[in-house]
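Keeping the supplied structure of chain B fixed, place chains X and P upon it in accordance with the hints.
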Amino acid sequence: MHRGDNPQPGSSIVGALRLAWPDAFIVGLVYNAFESGIYAADGPDVCHAMPYPTAGLAAYLTRLAEVKEATPFDWFMPTFDAEIALLAGAVGELAGLGIGVVLPEPATLTQCGKARLPQVAAKWGVAIPDTAVARDLSEALEHAALAGYPVFIKGPFYDATLVRTPAALAAAGAAILADWGPPLIVQEPLSGSEFNVMGLGDGTGGLLGHCAVRKLIISDKGKGNGSVVVRDLRLDEITRKVIAETRWRGPFELEFIRDQRDDAYRLIEINPRFPAWAGFPAKLGANFPAAWVEWMCCGTCRPLPTLPPGRFFLRHQIEVTGDMEQIATLLEALPEITNQKLTTKSKAS
Amino acid sequence: MNPQPYVAPTIRRVSQASANPQRLGRAPVMEAIDGVAVTRLLETHGSPLFVFSESQLREKIRAARAAFESVYPHVTFAWSYKTNYLNAICRVFHQEGSMAEVVSGFEYEKARINGVAGSRIIFNGPWKTPGALRRAVAEGALIQVDNRDEILALARLAEERNGPIEVGIRVHVDTGTHAVWSKFGFNADDGEALRMMAWVKAHTRLIIRGIHCHVGTFMLDAGAYAIAAKALVELAMAAEAAGAGPVEYLDLGGGFASHARLHGQYLPPEQATPGFKDYAQAICGTIKQHWPAGRKLPHLYLETGRALVDEAGYLVSSVVAVKQRRMHDAKAVFAAYGKGGTTPAAALGAYGKGDVANGQGVNRRNAVVLDAGIHILYTTAWYQPSIYPAAMTTAGVQPTTVYGCLCMNIDVIREEAPLPDLKAGDAVVMHPVGAYNITQSMQFIAYRPAVVMIDPERRVHLIRRRETLEDVQGPEVVPEHLAHSNNAPAASGRHES
Amino acid sequence: METDSTRLADLMLNDRGFVFDPNTGESYQVSATGLTCLRGLQRGATVNELVAELVATCGVEPITARCDTDAFVWELNQLGWL
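Chains as they are written, first to last, in our numbering: chain B, 1 to 349; chain X, 1 to 497; chain P, 1 to 82.
Incorrect hints may appear among the rest.
Below, a list of computed lysine-lysine pairs in the BS3-like style, where the Cα atoms sit at most 30 Å apart [as the list claims (entries may be wrong)]: (1) X:K296 / B:K114; (2) B:K283 / B:K241; (3) B:K123 / X:K230; (4) X:K288 / B:K123; (5) X:K183 / X:K110; (6) B:K123 / X:K277; (7) B:K114 / X:K230.
Ranges of calculated distance between the beta carbons of each label pair, as one might list FRET restraints [what the hints assert, rightly or not]: (8) X:G285 / B:W75: 35 to 41 Å; (9) X:I445 / B:G96: 47 to 53 Å; (10) P:E61 / B:E105: 57 to 63 Å; (11) P:D4 / B:D45: 37 to 43 Å; (12) X:E240 / B:R135: 30 to 36 Å.
Note that these hints are calculated values from the structure, not bench results. What you are looking at is a predicted structure, and each value in this text was computed from that prediction instead of being measured. Quick reminder that beta carbons are idealized off the backbone N, C-alpha and C, glycines included.
Same shape as in the complex, but just chain B (with noise of 0.2 Å):
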């Protein structure tokens, strides 16, 4: 629910679903108090703290099963990559408990990870950057040596850093192996616009609705602080393709530069879920958070409208207010809270 430098979808989804309905009851699961978008106006009305992906699936199981009994909702909708991959193979047991969500298959999200795109990619006909996947430092040495520097360095799951000499490559290979193990993903760096195609795949190959960006303003961290709604029938095809070729089910971002070489699309990288632009095409009428909710409502949704090239957003951050009185409300772990409110001894506060 964080709106920082780097922004996560969650705050932006809960915006999108109070513009198609105000009175929505949305509850926030969150992984840290700090989290801007808990305090935020048009927030959720109520928000839980959960244990990190890392802990395992029975105790996030548990954490969802506490959270629906406190504040009962019927559906979920993950918005990070780490949980997406604990639930994908939980589809079974969140229904067990009453939550309704729509996730890939977990082979799916295998296939599309970074370490085995290029596989698949060459396989659906979709172009990407040269890329090599190394099991450590010495073989991702011998990959960029062969490519020439500058590479990307990545890891399997988050990570990315231009390098320019073996030296920077090993220091940066191994700051991502020690937090995310192997491999290592060796990528060329491509000059050329960057691209985002945000959308809903049915589970059958279709796609319920789709929009594509090109971002105008790219921060120091690489995220697009801005974006315009652009149409080329291109991106549109591979967009297709790579749904109808995974049979994606429910929201997914891809990310694409158009490459200056030859202005081909190359395909960066699959996102499992909405990104922290999902709000943008809500407020011009194409609401896919809304849309999500349909199809769960009623197993399938009013079809999306085609936005019109050259609307665009901006990206601007306001300070949210809050109160420590909240977050000792959110560090609470336990239900039965007795006194919630902050007293002081003294008079003078």
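Frame of chain B, contents of chains X and P only:
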């Protein structure tokens, strides 16, 4: 009045990194193992105590056999002695139909004593002593030759016996998903293995009946076995074409992952670990796909150890001391699961550098000292066992450093385990620890603990008693001139009051 | 300013042991017994009285309670609260 359980008055600073009491999940309680109360086990057998579940051993090997036998006609499991060679454990697997897989003369002797015929022993390893090799040949063991020198030794033995000796040949394959185990056997990728097979045929009385490949350990990607199986089939066919066949069996070794958790493994084992069916599909599906149609499929041997025994093993231990460890929040990103764990928030770079510690000395982490240490938990160098309190507790969970009992700074069992506030005397259960910890344990500083096995009727059997002083110093010899030395103080030396 | 304002008295607490120090802006979590002690100190209780209360409510042996309470008070001193 019922007194509430005592927890010391403590204070911890709340930092951005720790601002989620749920982050580690709960600490499930393990009050009993296979229906036997942990407290009862400790009362009877002392602490620490290794506990094995016979039911779980049998369930695992049955599940593994079912997974493979349902997709392949000729398959035999061989129990990997080095993974755990307690006789009681080995005998459970032998009762379940497993052969023995040994890697030394010592293990070979144990297998024979456990009633396994020589012809039911697979003999692996890079160093087989001449005596052990001779015995294995005489008793018809399935010897897997590892290197040139062993081939020459066996060739001499064949001449001496004036008859052929059947062997398997060990090879290594680059499976692309794991570092190549090139320590063992001959290279199957660059033609070395094929050349050796042809050479053996041409120049010795050895007959190569099988090809052995162990792709690696703790293989979280079943796909590696598909690559290895294909390479073995291709090698078998090439050997046959070169007149060095026929190859009658393939041995895919072990390496199936248990539900242990590697340091730095982000996804928990239940998501990351393939099942027996996945491995069976990768191996058997590949062999059937590539083996020439109409030919009898080769016999398949498997030597999986860890995946069969790890989860059946528990280590019960007691808290002997509780500490508060000073931590620096500003430096250390909160690591949820030991080395390298990364918080979701940090992973997304959401908070930049986080907040800064105030240096006021209250950023402390719970720590406990157990009566067990890494000398009996060698696998904690690579894996992090789950640690469960053995009694119900109402306190919330805190990241807790779990120290072992050794007077060594490296003796840290878990850098951070989610545990409630514990006190001296509380018991904890570590799991899974059934693989390698018994066989790799060392007698260091303290006696090694007893090992018990709980049978399916919940009876508890002692299968290895606690060590005694005599066990440790029995092999020692004190030279005559030191036999009567005493340690009386010198007249002017020690200060005495 | 009110005369009874001190670092200790100004602390904002709730019943689950969450503590906010308005002087530094830092937050803390104290254990249940820590909260008992902290509130006791705010009332002006002596360490002896805190120990007696722990012994009475938790059935802990006096030397243990004394050892832990002294350590806790030392921590609070480090924070400048006492």
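We went through each hint and held it up to the structure:
1. For the given pair, K296 (chain X) sits about 40 Å from K114 (chain B) by alpha-carbon distance, which is inconsistent with the 30 Å threshold.
2. Restraint check for K283 (chain B) and K241 (chain B): satisfied, since their Cα atoms lie roughly 27 Å apart, inside the 30 Å limit.
3. For the hint pairing K123 (chain B) with K230 (chain X), the CA-to-CA distance comes to about 21 Å; that is within 30 Å, so the pair holds.
4. Under the criterion of a C-alpha separation no larger than 30 Å, the hint pairing K288 (chain X) with K123 (chain B) is consistent with the structure, at around 24 Å.
5. Between K183 (chain X) and K110 (chain X) the alpha-carbon distance is near 26 Å, which keeps this suggested pair within the 30 Å criterion.
6. Distance hint between K123 (chain B) and K277 (chain X) is fulfilled; the C-alpha atoms sit about 26 Å from each other, no more than 30 Å.
7. With a C-alpha separation of about 25 Å, the suggested pair K114 (chain B) and K230 (chain X) falls inside the 30 Å cut-off, and the hint holds.
8. At roughly 38 Å, the beta-carbon separation of G285 (chain X) and W75 (chain B) lies within the given 35 to 41 Å, and the hint holds.
9. Restraint check, I445 (chain X) to G96 (chain B): a C-beta distance of roughly 49 Å satisfies the suggested window 47 to 53 Å.
10. The hinted range of 57 to 63 Å is satisfied by E61 (chain P) and E105 (chain B), whose Cβ atoms lie roughly 58 Å apart.
11. Separated by about 39 Å at the C-beta atoms, D4 (chain P) and D45 (chain B) satisfy the suggested range of 37 to 43 Å.
12. Separated by about 32 Å at the C-beta atoms, E240 (chain X) and R135 (chain B) satisfy the suggested range of 30 to 36 Å.
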